[in-house]
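K.L.:
The listed protein sequences derive, respectively, from chains A and B. With this note's numbering, letter number 101 in the first sequence gets 101, and the count goes up by one each step, no holes. With this note's numbering, letter number 64 in the second sequence gets 1064, and the count goes up by one each step, no holes.
It is possible that part of the hints are untrue.
What the hints assert, rightly or not - When the alpha-carbon atoms are kept at most 25 Å apart in a straight line, the in silico SDA-like pairs for lysine to any residue are as follows:
(1) K73(A) - A1043(B)
(2) K39(A) - V88(A)
(3) K132(A) - V8(A)
(4) K14(A) - A1043(B)
(5) K1028(B) - E81(A)
(6) K39(A) - M1(A)
(7) K73(A) - T1042(B)
Unchecked claim - Restraint ranges, calculated between C-beta atoms of paired labels, are given here:
(8) A20(A) - A1021(B): 33 to 41 Å
(9) T67(A) - A1021(B): 33 to 41 Å
(10) E81(A) - E1012(B): 29 to 37 Å
(11) D43(A) - E1014(B): 21 to 29 Å
(12) I1019(B) - R61(A): 46 to 54 Å
(13) E81(A) - P1048(B): 26 to 34 Å
These aren't lab readings, by the way, just hints derived from the structure by calculation. Think of the CB as a built atom: it goes at the ideal place given N, C-alpha and C, for glycine as much as any other residue.
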Amino acid sequence: MILCDAAVADPTGKVNMLGAGWSLTTSPTAPHAVAILIKVPWDRTNQQIPLILELVDSDGRQVALQTSDGEQKIGGAAGIEVGRPAGVVAGTPIDASFVLNVPSLPLTSGRYEWRVSLGDDSFVASFGVRGKP
Amino acid sequence: MGRMKRGEFYEEDESIEDITAAFAGGDKFLTEAAAEPQRGWTASIRLPGRASPGDTYLAPVACVHRS
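From just these sequences and the hints, can you work out the full model?
P.N.:
What follows is the structure, encoded as structure tokens:
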């Protein structure tokens, strides 16, 4: 999982990224993207794998912001499913990717994590938000 | 559109409505590459009342062309 300034997932499973690899930002955060590069095991192909992405604070609570439609928790969910391309040797992991574009967020200073649950596994990408000097 | 040929993407007696519905539903593709199963997805968080990536807005000024 990589934090970047902007990203778009290619339909073939690749990700086009700009400004990738940051872990410190200011508030309000700039619009950014969370890119997830996935190697789907051969035995998990052709089945739906649930993907849940959440922004959590240093206490592990999901970040929620007030919007004009009420409180909204920051995150996303999807189900990914990849097939077995013709001609691929049996057992080959299959490339897949998921990108979540995130708008500017008014976060208080501190540590945060983008946490992704992918099937039975979970991964994190943490970052810090600087306070005003 | 260069790959579209009569008979390759639609039948002689297939209606325009059926052809367009097939393209819209993903049953027909213009290129072979597009027919490959998708393995990459892009989503965006939309926060009502806030700007999100990809949003576009009209400029707050009017542009007048003068010759």
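K.L.:
When the hints from earlier in the document are held up against this structure, which numbers fail?
P.N.:
3 and 11
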